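There are 2 protein chains.
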Amino acid sequence: MADWQEIDGGVTAPKGYKAAGITAGLKPSGAPDLALIFSETEAIAAGVFTMSQVRAACVDYCRTRLQAKASARAILCNAGQANAATGDRGWEDALESARLLGESLNISPDTILLASTGVIGQRIPMEAMRNGIPQLVASLSEDGSDAAAKAIITTDLVTKSIALETTMDGRPVRMGGIAKGSGMIHPNMATLLAFVTCDAAVSTSLWQQMLKRAADRSFNQITVDGDTSTNDTLIALANGQSRTAAITEMGASAEKLEAMLTAVCQYLAKAIARDGEGATCLIEVQVSGAPDDESARQIARTIVGSSLVKSAIFGRDPNWGRIAAAAGRAGVSFHQEDLQIKLGSFVLMENGQPLEFDRAAASNYLKGAAAGAYLQEDTVLISVCIGNGSGTGTAWGCDLSYDYVRINAEYTT
Amino acid sequence: MADWQEIDGGVTAPKGYKAAGITAGLKPSGAPDLALIFSETEAIAAGVFTMSQVRAACVDYCRTRLQAKASARAILCNAGQANAATGDRGWEDALESARLLGESLNISPDTILLASTGVIGQRIPMEAMRNGIPQLVASLSEDGSDAAAKAIITTDLVTKSIALETTMDGRPVRMGGIAKGSGMIHPNMATLLAFVTCDAAVSTSLWQQMLKRAADRSFNQITVDGDTSTNDTLIALANGQSRTAAITEMGASAEKLEAMLTAVCQYLAKAIARDGEGATCLIEVQVSGAPDDESARQIARTIVGSSLVKSAIFGRDPNWGRIAAAAGRAGVSFHQEDLQIKLGSFVLMENGQPLEFDRAAASNYLKGAAAGAYLQEDTVLISVCIGNGSGTGTAWGCDLSYDYVRINAEYTT
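So the protein sequences, as listed, match chains A and B. Heads up, the first sequence is in the numbering used here, so the first residue is 1 and it goes up one at a time. Heads up, the second sequence is in the numbering used here, so the first residue is 1 and it goes up one at a time.
The reader is advised that the hints may include incorrect statements.
Covered by chain A, according to a simulated footprint, are these stretches of chain B (three or more residues, beta-carbon under 8 angstroms) [stated by the list, open to error]: (1) 51-57; (2) 63-72; (3) 94-105; (4) 321-328; (5) 392-405.
From the structure, some residues in chain A lie toward chain B, with a derived Cβ separation under 10 angstroms [stated by the list, open to error]: (6) I7; (7) S52; (8) R55; (9) A85; (10) I120; (11) T230; (12) G321; (13) R322; (14) A325; (15) A327; (16) F334; (17) Q336; (18) N351; (19) G352; (20) Q353; (21) P354.
FYI, nobody ran anything at the bench for these hints, they're computed from the structure. For clarity, every value in this text was computed on a predicted model and none was experimentally measured. Just so it is clear, CB atoms sit at the ideal spot from N, CA and C, and this is done for glycine as well.
One chain only, chain A, in its complex shape (with noise of 0.2 angstroms):
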């Protein structure tokens, strides 16, 4: 049993922070456009973001700002433009709002991080932000996390948010988080932002290293389409107002810590494969048997991935052979006589041989996880086991439905 229970409140839930979204006019459609998230007092910060050599400025402006000192006190944060390949303009608007924001907040914009997402090549509209900050700092509350939700999303069905509770030294310490994902509805919107709130005391470099391994047991376990984007942002902010005992070693609260935010990130990531677009169900995979947990992940993520198992589910088809193949060329060497393959409970191949099962009840179970869109019973179970190593991973992922292409097809820039 996990050590602690969802709450309400977002990535206000922990003490000492606040929130807002409003919107601010730079989305055409009039949706809330800019958020923020704010801290009391300085919160250590701990940052990971996109891979790809294109990167917006955001990006590079919170790389910049983390390294030189890996604390924040607030996360602005832009939908409608990715300002990514913007060039030097691009760069100055990010500085630009950094100012604007510290000024309105009366802190140094070096404590600032930012975020963007939206379409890529285009610029954020500068008067429609320098028109936004004071009135989006002015609804900054207590109660401010839904709405900073709904200003950070752009074409996803859903906002994604979740708080948790534990208790350390006899004291309550909360996390929060929300994101958004890849609801392609809008072309060059794949991007995943993240954003996370603790109240807990940690040193810096623990806390970063225990970001980077949630990151890699969650959102770098997820895939919608196979595409990053020039904009994925995980931020994750930890203030120490819990006043419990700072952590700055692996131990018992340490390592508790870390499962909570694991567990944070684990279900915004979950949340977001979910709400893939033209998704009708959520795949999770699970491979154990592996000589090590990154070939396990490594294998997970590519049956998760693969176009030929992904379209299979969306037609409600128990095909074995397709899993196996992308178990296969996952770049993992094992021996094919030891593959198990299960579909929720049905076993589909069992060392490495065909089994007979009930084709039409292993179906109906697909149909099931696609009814139940939106609840837990909407998730399809893959479980692979490659051999009799240690190493586990999971990866979560969507089917490939016809709305797929339609979403990122008939939209004409």
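Given the coordinates of chain A, assemble chain B onto it according to the supplied hints.
Structure of chain B alone, referenced to chain A:
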């Protein structure tokens, strides 16, 4: 200008080859399903096979044979059953197929190579194979290439065949090839098979090196959906019947032969990409300015494999942002300030900056490509330059259409 001309005859265009294709009753549909390529004299043989850990019996069989001796007299190929993930019995079926053909041709089974394509997990119906082989051998003919090309396809819409002729030492040297691709209307049939025949005299080690390099510049540079098959097989024979001087080291003759081999492989690879399931056009991505050729090829593969790029092309959307994003995540380091992107003759991005361009004209360019399916004009050309390195590379693929999803989802095994 290429130093050769296109001729008729496919794999029987070179001297000393016969071929056949018959309906042996392996496919439920009653379409041709058993093919044979035969060299009247022993030919040196080179092969390139799937890297998947889950492999068909025929792949392991060919690897073992070629490791023992790099020569062959015949290639037997069945369509309908992949004979992959069929365990020990599948391996015995492969051995028996070679033994039966050896008896019928009165040659050693050790000089026979095997290939299969079809549903993973299904064994070859050996009764049909036993009855079919004598009939197949009786059908061998110097005009048999088209029949063989028809018998190796599964759900391809068209057969793929080519033959070239050049002159060496004042004598004609010919090379022919047939292939099947990824018209995966039936599931589990992603298999790429290609067989090349040649009457040049060349050393085994040079021939294998040439084939590997040619595959890296052709078949390894195409993608329909990123899925690698359990059965992918490329085999090339050279029987020396042209009676030209033996090519035993790199030099003018070897370079000419390799260029011809690369041209044959590229022709077949492009034909496979163009016939990808649901495809309405061929996409060719040319990358230049990379530190080395492999880096350039990697970026080209990543762009042509991007679901976002593929669906944008299907939607006739000149969406350069998706191309830039795919280039950026290919795993090759470059400066985004150096990025140039062209679509046909339209320059969409230069020095990492988006340019103004005639969007309607660019969209019309894409529409023209789609209108010309199966013509030379069906090719959408994307050119990307990432810097001033000397590395270049090309990859081919197809767009992502509704039909891809329909084909792969609606079939129920």
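| Once the shortest beta carbon distance from A:S52 to chain B is found, is it less than 10 angstroms? | Because about 4 angstroms separates A:S52 from the closest Cβ in chain B, which is inside the 10 angstroms limit, the hint holds.
| said: Please check whether A:A325 passes as an interface residue: C-beta within 10 angstroms of a C-beta belonging to chain B. | reply: With a closest approach of 5 angstroms, the A:A325 hint holds.
| query | Does the nearest C-beta of chain B fall within a distance shorter than 10 angstroms of the C-beta of A:I120? | reply | Given a least distance of 3 angstroms, the restraint on A:I120 holds.
| field | Cut-off 10 angstroms, beta-carbon criterion: hint that A:P354 touches chain B | value | At about 4 angstroms, which falls below the 10 angstroms cut-off, the nearest Cβ of chain B leaves the hint on A:P354 intact, so it holds.
| said: Taking beta carbons only, do three or more residues of the stretch 321-328 of chain B come closer than 8 angstroms to chain A? | reply: holds (count 7)
| query | Taking the least C-beta to C-beta distance, is A:T230 closer than 10 angstroms to chain B? | reply | A:T230 check passes; min Cβ-Cβ to chain B is 5 angstroms, inside 10 angstroms.
| said: So, as I understand it, the hint says A:Q336 touches chain B; can you test that by seeing if any CB pair is closer than 10 angstroms? | reply: Given a least distance of 5 angstroms, the restraint on A:Q336 holds.
| the stretch 94-105 of chain B covered by chain A? Criterion: 3 or more residues, Cβ-Cβ distance below 8 angstroms. | violated (count 0)
| field | Cut-off 10 angstroms, beta-carbon criterion: hint that A:G321 touches chain B | value | For A:G321, the interface hint holds, since the closest Cβ of chain B sits about 3 angstroms away, which is under 10 angstroms.
| 8 angstroms C-beta criterion, at least three residues: is the stretch 392-405 of chain B covered by chain A | holds (count 5)
| task | Would you check whether A:A327 satisfies its interface hint, that is, whether its CB is within less than 10 angstroms of any CB in chain B? | result | holds, 7 angstroms
| Is the interface hint for A:R322 satisfied, with its Cβ closer than 10 angstroms to some Cβ of chain B? | holds, 6 angstroms
When the structure is compared with the earlier hints, violations turn up for hints 2, 3 and 6 and for no others.
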